[in-house]
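2 protein chains.
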Amino acid sequence: MRRLPARADYDPAVAYRLFDEAVMCHVGYVLDGVPYVIPMLHVRADDRLYLHGAAGNRTLDAVVSGAAVCVETTLLDGLVLGRSAYENSVNYRSVIAFGQGRPVEGEDAKRDAMTLLLRRLLPPGRLEDVRALSPRELARTKVIELTLAECSVKVRRGPALDDRRDLDAPVWAGEIPFLSVLGTPRHDGAGRTDIPAPAFPDGWAGPPNPR
Amino acid sequence: MRRLPARADYDPAVAYRLFDEAVMCHVGYVLDGVPYVIPMLHVRADDRLYLHGAAGNRTLDAVVSGAAVCVETTLLDGLVLGRSAYENSVNYRSVIAFGQGRPVEGEDAKRDAMTLLLRRLLPPGRLEDVRALSPRELARTKVIELTLAECSVKVRRGPALDDRRDLDAPVWAGEIPFLSVLGTPRHDGAGRTDIPAPAFPDGWAGPPNPR
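Sequence lines, in order, name chains Y and L.
For the first sequence, counting from 1, position 137 maps to 137 in the numbering used here; every step adds exactly one.
For the second sequence, counting from 1, position 122 maps to 122 in the numbering used here; every step adds exactly one.
Excised from the complex, chain Y in its bound form (with noise of 0.2 Å):
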């Protein structure tokens, strides 16, 4: 497969976009000099991403110790087929970002950003349908801020670079698109079961791509 043809963008609104659209990131920390790479749900105000994990999750310490920490996400538009074994590719949406993690304190402040998280990722009008968190549950929750001081944004849109000499091949080629749809919704068995799946009201088509 070919060297991708993608431009790169430095603008941070382009990487801020691709950060709200993508429902999870893949964030690197450097441990004793290695690297690890943990996925993560994300959501994204101004410059900063909230992240969230468990109190007792060690793994997060290094997130907020100070040092540098990368934090990428990719969504995957299509896969293109060119009329060489050479010219076939992926299109996609990609952003690598650096920035340092801090914890964020205090039960007001945590709860803000996982009310942010949660209203990202939830069905509309779902967080008031439910119990609210309570200051135990926000007690047990470790909440990041991570703040994006570098952004790169790579892009690689469109069909595949044919050789004018392969032209005349006789295979069609193009570009198949990836698409992210919900399933069915599955109740879970307990509780009431009186009350409808939910609707997905204003064309809500879930989370943020879950690619």
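Everything labelled a hint here was simulated from the structure, so no lab data went into it.
Note that the Cβ used here is the ideal one computed from N, Cα and C, for glycine as well.
Mixed in with the good hints, there may be bad ones.
Far from chain L, by Cβ distances over 12 Å, these chain Y residues were calculated [what the hints assert, rightly or not]:
| no. | residue |
| --- | --- |
| 1 | D9 |
| 2 | Y10 |
| 3 | P12 |
| 4 | A13 |
| 5 | R17 |
| 6 | D20 |
| 7 | R44 |
| 8 | A45 |
| 9 | D46 |
| 10 | D47 |
| 11 | D61 |
| 12 | V64 |
| 13 | P103 |
| 14 | A109 |
| 15 | E145 |
Here are a few chain Y residues that face chain L, going by a calculated C-beta distance under 10 Å [stated by the list, open to error]:
| no. | residue |
| --- | --- |
| 16 | V27 |
| 17 | C70 |
| 18 | V71 |
| 19 | L79 |
| 20 | F98 |
| 21 | T141 |
| 22 | G174 |
We have chain Y; now place chain L onto it with these hints.
Using the frame of chain Y, we list chain L on its own:
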């Protein structure tokens, strides 16, 4: 969101199956003490992943330096809705592996690795229908073999673990699956236009899960 009741599994066979299902991985490495995470396509063979890039891509030098590399991939299976703000989650399958990279040298070895990768990503039979990789194209491609020395899998499945006191809440609770599907193929408008789009034979549903 509560601490995920995910169970860790250190069986390499379980980790290998996850790498086989995911189309993309996230490769972490350290350069001058700074962590980097980059998205890459991969294919697995035994205890090794094969990655690739352009021959001139300096980013990959750190991956083949022999220093420790971390490679992570995560499949998101669904959104878990509980009866409180706290008891929401995502179901996922994730693997984190550590290993060492080395460059694959020699035209034949590079062709073998790229053929493995292409067979995994392209529709069945496609590789036989297009022009094969030329020696010049292989020379322009850097191929990396990453030996997986240590793997850790985490899986979260099932509904939310609602507190008994929340079970009578008048809300629906359960899981909403995330699905990945293929969209309608878009021809690139070049070359021959009399060839029908691929029909995805043998139940082929796209390359491994694009999430």
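Evaluated hints:
Look at D9(Y): its CB is around 16 Å from the nearest CB on chain L, clear of 12 Å, so calling it non-interface holds up. Its beta-carbon lying about 16 Å from the closest one in chain L, Y10(Y) satisfies the requirement of being farther than 12 Å from that chain. Non-interface call for P12(Y) relative to chain L: holds, since the shortest CB-CB distance, roughly 18 Å, exceeds 12 Å. Non-interface status of A13(Y) relative to chain L is upheld: no Cβ of that chain comes within 12 Å, the nearest being about 21 Å off.
For R17(Y), the non-interface assignment is confirmed: its Cβ lies about 17 Å from the closest Cβ of chain L, beyond the 12 Å cut-off. The beta carbon of D20(Y) sits about 17 Å from the closest Cβ of chain L, which is more than 12 Å, so the claim that it is off the interface holds. Remark: the non-interface label on R44(Y) is consistent with the geometry, its nearest Cβ contact in chain L lying 17 Å away (cut-off 12 Å). A45(Y), annotated as away from the interface, keeps every beta carbon of chain L farther than 12 Å; the closest lies near 17 Å.
With a least CB separation of 22 Å from chain L, D46(Y) remains clear of the 12 Å interface cut-off, as annotated. Here D47(Y) stays apart from chain L, with its beta-carbon at least about 19 Å from theirs, past the 12 Å limit. Under the 12 Å C-beta cut-off, the non-interface status given to D61(Y) relative to chain L holds; the minimum distance is some 15 Å. Under the 12 Å C-beta cut-off, the non-interface status given to V64(Y) relative to chain L holds; the minimum distance is some 14 Å.
Against the 12 Å criterion, P103(Y) stays outside the reach of chain L, whose nearest CB is about 16 Å from its own CB. With a minimum CB-CB distance of about 16 Å to chain L, A109(Y) clears the 12 Å threshold, and the non-interface call stands. At the 12 Å boundary, the C-beta of E145(Y) stays outside the reach of chain L, the nearest C-beta of that chain being 16 Å off. Interface hint status for V27(Y): upheld, as the beta-carbon distance to the closest one in chain L is roughly 8 Å, under 10 Å.
For C70(Y), the suggested interface contact is upheld, since its CB lies about 5 Å from the closest CB of chain L, less than 10 Å. Checking V71(Y) against chain L: minimum C-beta separation of about 7 Å stays under 10 Å; hint holds. Residue-level restraint check for L79(Y) holds (minimum Cβ-Cβ distance to chain L is 6 Å; threshold 10 Å). A distance limit of 10 Å between C-beta atoms decides the matter here; for F98(Y) the minimum to chain L is near 7 Å, and the interface restraint holds.
For T141(Y), the interface hint holds, since its Cβ comes within 10 Å of a Cβ in chain L; the closest pair sits about 8 Å apart. Interface restraint check for G174(Y): the shortest CB-CB distance to chain L comes to about 4 Å, inside 10 Å, so the restraint holds.
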